[in-house]
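Start from chain A and add chain B according to the hints.
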Amino acid sequence: MGLSAAAPLWGPPGLLLTIALHPALSVRPAKGPAPAPRDYCVLGAGPAGLQMAYFLQRAGRDYAVFERAPRPGSFFTRYPRHSKLISINKRFTGKANAEFNLRHDWNSLLSHDPRLLFRHYSRAYFPDARDMVRYLGDFADRLGLRVLYNTTITYVTLDKDRQAWNGHYFILTDQTGQAYRCSVLLVATGLSVPNQVNFPGSEYVEGYESVSVDPEDFVGQNVLILGRGNSAFETAENILGVTNFIHMLSRSRVRLSWATHYVGDLRAINNGLLDTYQLKSLDGLLESDLTDLAIVKDHEGKFHVTLKFFLEENNTNQSADSITLPQDNSDNFAMRVAYDRVIRCLGWNFDFSIFNKSLRLNSGNPFDTKYPLIRASYESKGTRGLFILGTASHSVDYRRSAGGFIHGFRYTARAVHRLLEHRHHGAAWPSTELPVTQLTSAIVRRVNEASGLYQMFSVLADVVLLKENASAFEYLEEFPVLMLPQLETLTGRKARHGLFVVNMEYGKNFSGPDKDVFFHGRSVGYTEDAWQSNFLHPVIYYYRQLPTEQEVRFRPAHWPLPRPAAIHHILEDFLTDWTAPVGHILPLRRFLENCLDTDLRSFYAESCFLFALTRQKLPPFCQQGYLRRQGLASTQSLRQHGVESRLLRDYAAMGRHLEDSSQRPGNHGPVGVPPDPGPPAPVQSLDSNKEEL
Amino acid sequence: MSSSFSIYRVGISFVITCIFYKSTVDSLPELSPQKYFSTLQPGKASLAYFCQADSPSTSVFLEELNKAVRPLQDYGISVAKVNCIKEEMSRYCGKEKDSMKAYLFRGNILLREFPTDTLFDVNAIVAHVLLFLNKNIYYVTNSIYGVSTNYICVYFIKYITTLEDLQNIENALKGKENIVFSYVRAIGIPEHRAVMEAAFVYGTIYQFVLTTEIALLESIGSEDIEYAHLYFFHCKLVLDLTQQCRRTLMEQPLTTLNIHLFIKTMKEPLLTEVAEDPQQVSTVHLQLGLPLIFIVSQQATYEADRRTAEWVAWRLLGKAGVLLLLRDSLEMNIPQHANVVFKRAEKGIPLEFLVLHDVESIISHVENNMHMEEIQDEDDDMEDPDSDILDIQDDEVAETVYRDRKRQLPLELTVELTEETFNVTVMASDSLVLFYAGWHAVSMAFLQSYIDVAIKLKGTSAMLLTRVNCADWSGVCAKQNVTEFPVVKMYKEGKNPVSYTGMLGTEDLLKFIQLNRISCPVIITSIQEAEEYLSGELYKDLISYSSVSVLGLFSPTMTTAKEDFTEAGNHLKGYVITGIYSEEDVLILSNNNAATLPALLLARHEEGKIESILLSTHPEITVENLPTYLRLQKPLLILFSDGSMNPQYEKAILTLAKQKYLDMFTPCWLNLKNTPVGRGILQAYFDLVPPLPVLVLVNLHSGGQVYAFPSDQAITELNLISWLKKLEAGLENPIIESQNYSVIYGLQNGCCVSRRDNINLVHLHQSSWVTRYTVNEQLYFERKFFFSINVLSSGFCCSALFIRHRQSKLSIILEGPRIFGMVNEYHWLHHVSFQL
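If you read the sequences in order, they're chains A and B.
So the first sequence is residues 1 to 693, counted in my numbering.
So the second sequence is residues 1 to 836, counted in my numbering.
Simulated from the structure, these hints should not be mistaken for lab results.
Where is the CB? At the ideal position from N, CA and C, for every residue including glycine.
Incorrect hints may have been included.
Which residues of chain A face chain B? A partial, calculated answer using Cβ under 8 Å [unchecked claim]: (1) E99; (2) T579; (3) L613; (4) L632; (5) S637; (6) L647; (7) A652.
Excised from the complex, chain A in its bound form (with noise of 0.2 Å):
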């Protein structure tokens, strides 16, 4: 393992695990009385632990976060280097809706206090990390989390316990050696310990964790950056004005998030040097496979690029000057120059020193380590009741969904809280429960203003669950989308009559690293085109029964569900508000009804009265509104503009015509009435209609 002694700040792992080894030693023996439990212990105050808290204090559970801090949200007071958020703060939107202004707030914490909201807290549109400490200090406070600061967790391990919710309970150890037991144990500590690849040389590299942000010290220098996302990028950003070039060197191609649909790709902002590499100012890119390289020293301290290969073939390696170099063989070599500087930007991986093998957090697989295993519910794969959140929960959508980042974590976290409030405390996971008639609007009210849908497309989805007969419906809010074929002993709910998935998706083949998202003809505008849809559109999947563990582990490539037994696709839209009469919520209400088989439309009172008194079955708006002394009464102009619809029938000016006929002189009784002209038979009105259009 090599020991990066350039980052001295960063307990490197080899030292960190010493430090973790020896209280576990320790503490073992010293077990003896054991403290009591803590229902629920959440590692790391950063945005995420914070936001389980928050949701634990508002359901009065005991709990705890453990942090070793002094204060919220330490990872931001050294990251990002050059201390400029990417996640943006738009403070306005046009809309007074405050959930749907969520989806464009990508920093703030979700909470009942407006007051907590980050555009209160800086004005810039890709704020100071700065900002965000002091947001995620005053969160705690405002709201009076209960924080252990200044506690650093050196050690996790299970104590199995039949008494314990889970059959065990998690011991944590701090600093000092004294022991914590937890009922259910959140880890929410991020991605802590940058990645480093081994090849020969990497001791000459630098790591963003610990490189100069100084422009000062890089003038004139050749600079050659591993890595592609955007901490390389916004490293080079910050010396491109000042290095005779920048090679930036990865193993596969640059993905743009605006290209990708995926925040934690490229981003725009700090995309400069793709800018200067493509307008020819000796700045590049190259992609070649790290594990490959090797860096060798030569004798002015200068940086060549070599092969790993050419060093093991030389084996008296002492004098760097006689190593092959690539140019040596191809004497055009892209990286045949020299370059002054190596850093390394190649990204985090979870901390899962201080976790106890019995955890079986990680898989064992050496090239697995990024990320702890987990569900799609959050909990880990190898421990029941052990729950990670925030940064290191992003396997669930790495790459796909803002699992990973402030403004989806936020959801997930609420999602976890509801999970745990059902499996502990016998909540049901909250649902509002309506009558059908209110089901097209319940579906269009959450997609045009639902932040968790929207950020977490395809992760979270609201969760329609159909009554008997369809005659009335629960409203699930945001729950993860995989953990269908459990919803029931997830949520307390029952799912026997069908239901609903309301989803939020990209087109099909949109997205991707090499995909031209600017083509002609890249939105659709009729509704027939609508599963056509490219832009984040809502998606509506009907099953009939909850699908089972096989159906979802093997759906079709690519689909955020296994297939439903029909699906409807609402139009995009370039605005994103879905509440066009007939481009959007007409086709759903006629979706819905053909998956329910029934009538959602609605009626004035008058044409209920005329159903009541000529068929059996009423449609449900008439049975549930009219039938209960509540229906619609229509107003003068609304009469006038349904009979020019030809939606509704002047009844009045047909009886006014009876009654002229009848005043005619020769006209006696019932023998002549003749045909009435009033109400235009079908197909007269229908080709007229067609004419109109």
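Using the frame of chain A, we list chain B on its own:
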């Protein structure tokens, strides 16, 4: 199942004489019955529509009939509208419903009567008349240009339902005659008319066979069964009876012109040999706009070339003319290697000399050159019906609100509340709050009524009318526990809001606001006050809002009863006025009103007298109060009256009610002046609004039958009793068998009346995100049903016509997400099949 429906299955051939008659008159003549019958000529067919003289001169049917005058005249059938005038009644003038019929005469012999609903448009009229004439031996005089000739067309038109029928016909005609076989989706639609017209012209030459069975079409291997099909069976050429007749599919849409062109090309020889300049050659094909293909042949390869040419000719039958061009005897120069010459129908386009090495490339060349037009056609077809339909709003509330969107409402009469102002406002003053959403149609419809209330209360009410748009202020709505729209809540001193549960309309809301001005129940403190209360003096300004005033009388010791009453009063707050009196002298009041304590007195103010029941014995049914009476779960005995009720009738009913004859029913009446929608109901019952008043018994709660009191009897006590007895004994026939129509909601977004056995939605997913649905429906329509749809359509009668019955199978296949928007009446009318 339903094979008994196949009344068109006429397997016998008919000898038919057609006599063409050409008239210069194109408009619909209007005649008196006498005049009409005098004009009838022996052997000449005539279609007459009998109606009352004073009936309107424009109706949909008459318009369509007028359109049919010309096409029917082309077939020698005259059309007339006969006005039944009082002086000369004809039996065809009929009574009531019969007045809607049209009659087909030959000479003065009645051939057939058609209910007008079967003749719903010009296509249906022509198709039905021709259909009927085709089925009968029929002589017509033909006079063209004044020259009268009689000639006889003998032809066959056969309706078949099974493949076996088709095979039988085929076998019978092998070596004798060719067959034109067509499938149309329904009788009466334009394609059907086109086939009938073709049969009229070509029926002497070919056997016409018609089916409406999709299964039959499938079984002969057609794809794309959504459309009408026409095949030409070349049976005349077949000599070996075991051989199948060759079939040529007509690829163009079924129109009269296209069928005509197609059949004409079938008449042409398959292959012609020519030895002249292709530029000069002209055949029928060119006149019909079809290209010509010349296969260039040489003496040496003549036999092979001819075989090839024949093969090509078969393949291109109906698409192009094929000729064999003998190069050796040709004077003009044809390029050395060219073996095919292509000549377009358009004039002035040079010949194309082609080198094509196989039959397929010749055919594809021809098809590609026709392709341009076809693609355009297809596009039109695809877009035309479907995309239009997606956009047709069928929700009356959504549509009317949308159409009204540009009208400015005086919204300023109500206070718009926000997150910031909500709490302050409802704390500061008694407020009525409407929670709505700007995009929600029902909310917006009700907002109009709400504004109307504000207009009416302007400056007079202490109640502040406010509104919260939940689309903007979702937080406020969530905090007030508003999960659906629209909701009205009344806040007094900011606490315990009361939800309004009345009708979403101006009047009821106004009543609610007004009645909420007083506490409920009102505590009455003296006998005199109680009398004033009951007489309506006490709350003079409010009694118009409350149909009754309730007064609870309790002795001071009846604590629980008083509490219960007070609670009930609270519930009724805003709907009726309640009062409570429990002073020591309460007995005086109860004795005065012949009641024992505890007692409830109800005062109805319209009549100024105190009654002891809330619901009247013989109420007038209105849109507002029907739900209340429906809750009694009894059959409604409704008198439909145009204007106020006949007092004699009312007396009869009240007497019967007193004698307990009507205990099983809810006797009521409906004033068409107050409730015009009653006419719609009568139409549903009687097809046409009958003479009023009319008494019906509507058994909604069990069975759904509707019975009408005989119109020839006077509504008297005795007649009523005997009618009711007959009803009880099951001796009366209902005018509507059952309203137990299971409604195919959703599929067609219509609440349409159809009986249905099962709906089976089969869903097949394609990997391409295209969803394909097949709707298999089994429907049995009654004539009645079709009629009601056709005539009564008012937006909610629907589209059930989309589904064919018989043989249990008809599938409408729609692609992709279209399924969700496709359905409405118009669309489905194209898929109609109905039987009369």
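Hints and how they fare:
1. E99: 5 Å, holds
2. T579: Cβ of T579/A sits 3 Å from chain B, so the hint holds.
3. L613: 5 Å, holds
4. L632: 5 Å, holds
5. S637: Holds, about 6 Å.
6. L647: 4 Å, holds
7. A652: Holds - the Cβ of A652/A comes within 8 Å of chain B, reaching about 4 Å at its closest.
Violated hints for the displayed structure: none, as all numbered hints are satisfied.
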